[in-house]
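Engineer: Sequence lines, in order, name chains Z and P. Here the numbering used here is used: the first residue of the first sequence is -8, the next is one more, and so on. Here the numbering used here is used: the first residue of the second sequence is 11, the next is one more, and so on.
FYI, nobody ran anything at the bench for these hints, they're computed from the structure. No incorrect hints appear here.
Straight-line C-alpha distance at most 25 Å; calculated SDA-like pairs for lysine to any residue: (1) Z:Lys77 to Z:Lys128; (2) Z:Lys59 to P:Thr58; (3) P:Lys38 to Z:Val25; (4) P:Lys38 to Z:Phe28; (5) Z:Lys188 to P:Glu39; (6) P:Lys93 to Z:Ala101; (7) P:Lys267 to Z:Gly248; (8) Z:Lys204 to Z:Glu167; (9) Z:Lys69 to Z:Pro36; (10) Z:Lys132 to Z:Phe48; (11) P:Lys291 to Z:Gln266; (12) P:Lys62 to P:Thr40; (13) Z:Lys128 to Z:Phe45; (14) Z:Lys77 to Z:Tyr94; (15) Z:Lys188 to Z:Glu167; (16) Z:Lys69 to P:Tyr35; (17) P:Lys54 to P:Leu111; (18) Z:Lys138 to P:Leu179; (19) Z:Lys132 to P:Asp82; (20) Z:Lys138 to P:Glu197; (21) Z:Lys188 to P:Asp177; (22) Z:Lys293 to P:Leu315; (23) P:Lys54 to P:Gly192; (24) Z:Lys297 to P:Thr304; (25) P:Lys178 to Z:Gln177; (26) P:Lys225 to Z:Asn222; (27) P:Lys64 to P:Val52; (28) Z:Lys128 to Z:Arg50; (29) Z:Lys138 to Z:Val193; (30) P:Lys93 to P:Asp177; (31) Z:Lys59 to Z:Gly46; (32) Z:Lys138 to P:Gly83; (33) Z:Lys69 to P:Thr58; (34) Z:Lys293 to P:Ser292.
Chain Z stretches covered by chain P per the calculated footprint, using a threshold of three residues with CB under 8 Å from any CB of chain P: (35) 40 to 48; (36) 229 to 240.
Only a predicted model underlies this, so the values are computations on that prediction, with no experimental measurement involved. We put the CB at the ideal spot given by N, CA and C, even for glycine.
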Amino acid sequence: MPMDFEMPHVRQFRPPGVNPRVVLRIVAIIAAVVLLFTTWFTIDPEEAGLVMRFGRFARQVPSGLHMKLPYPLETVVKVPVERQLKEEFGFRTADATGARTTYSAEDLSAESLMLTGDLNVAVVEWTAQFRVREPYKYLFKVRNVRKTFRDMNETVMREVVGDRSVNEVLTVGRQEIAAEVEQRLQALCDQYENGIKVEQIVLQDVNPPDPVKPSFNEVNQAQQEREKLINQARADYNQIIPRARGQAQQTVEQAQGFATDRVNRARGDAELFIQVHAAYQRAPEVTRRRMYLETMSVIYPKVKRKVVLDESLKGVLPLLSLQNPTEVKP
Amino acid sequence: MRQTRLIVVAVVAVVLLAVLSSAFYTVKETEQVVITQFGKPVGKPVTTPGLKVKMPFVQIAHAFEKRFMEWDGDPNQIPTKDKRFIWVDSYARWRITDPLLFFQRLQNEGGAQSRLDDILDGETRNTIAKHELIDVVRSTNRPFVVAEDVAELSQPEAAERVEFGRDKLTNEVLQNARRRTGDLGIEILDFRIKQINYVNEVRQEVYARMISERKRIAERYRSEGAGEAARIAGEKERELRVIESEAYRQAQEIRGKADAEASTIYAAAYNRDPDFYRFLKSMGTLEESFDADTLLLLSTDSELLKYLNAAR
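All chains should be modelled from the sequences, with the hints used to inform the complete structure.
Structural biologist: Following this line, the structure appears as structure tokens:
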């Protein structure tokens, strides 16, 4: 080594206690370490690495351990391509680490307040979930990608909400709005070449503005009230009508019973008469007398007071005190 | 001797290093570079990234952004054609298309941003003032989807037609602004309205309107409820009457028919011998109507007692 040759001269100037050989060795080791550490690099599972040679994009590498030329020649930029990224509008998650997510209290109404197509105002909060699909575009096509992406979100959401009525935004249109924003936003991302894939637009709270809220609640309340009144009336109806139906059925059944009874009795009576009459016809005179006398023989024993009047005795009637109602049989 | 040689080597090395570092420069993916020689632009702008060579010391490399950049407008209070005051916040995207021209006209990004402020703010104001508010808010005449139960309650404003629409409006701003930035070496790619809001006083009015509208709907629900309840109650009354009277009618009919049938049967039987029937019925009635309290005055002329006399 040429160093050995110059050693005696250097030794003359050396500070006491320091061996130049050691110094050189240390420098060599440091250089080697720097070289080594800038020659290999690791890419995490959710990332992709973009290697630049003299500032020019050279290659893209997947996750794992990779080699490159040492520092000044090649540099590497990591982009989380697999991670789902999120932007929030109208609210900010302050802490999502615990079981209960807390939201920051700052006023972000400027982000969420928007005009609807019927010139009313609605407060729409949403999140945009996205991924970096093309890291090259993401890094090199658009400056301040995240900020631009936020602007795009706000614009598209307002365009979509601006074409809908406040009722639609607050009630039936939620799903549709999210879907349309997603689609339009993706189209805009493609147009801007920012390499972003919009995964999902999630509408969070969609509300009327605070001062208007109570009156919206009032509408809900009135709706409930309406249902209540109607239900009460229905209950009343259901309480009365089926019972009345049953009672009506009962009335009809009773009448039918009566009818059957009446007809049967008539038939029985008629049959009896026919039979008796048939017998009577065989010897009318005798039968008639017999029947009369039989009746009398039933009646007479039942009656306790009996007065027998002779034709020849007149004027006896006034003498009888007739307190009780009497039957007179001539 | 050896020391002098060492110094010379060191000096040469330093000079060489300086020359090399001045001759080579890197252009990043995000950059484009204009080379000037004593302040005068030389050659074409360098737009491809990588390691490049220039003349050391006499030439200077000026790097400019190659990516799309954002322009964020200041929220502006603007009256629309129908005299409504709104806050408009817009953004645009632009890029340097001709770095040389850009360098000459605007020097740097700061210059560009303030120029864009002038142009875009002005154009926004002009364009919005020419159109009605609804044209700023809506893009199409898409009919609103209305929930069934509020169908009749939708406000008249919903019917307001869009003459122009937001898309066309922002496009107009864009075209006008492009015309004015053509000679600045920049290109505006897109201009959009980010936020539109009512100024405070107008907002209060809008809120008041929304509240009264809701109240109207609430009242409607309430009266609908009461009306429906009354209708059901009426229906109940009616049905009750129908059911009861129908049952009565049927019962009477059945009874009547039975009576008629019974009469027919009786008549058919008794008509064989009305006289005998009368006799038979009288006997039956007699039997039933006499009891212990009856006072019986009997004439000796009667059928039974005539033999009493006869015997005497």
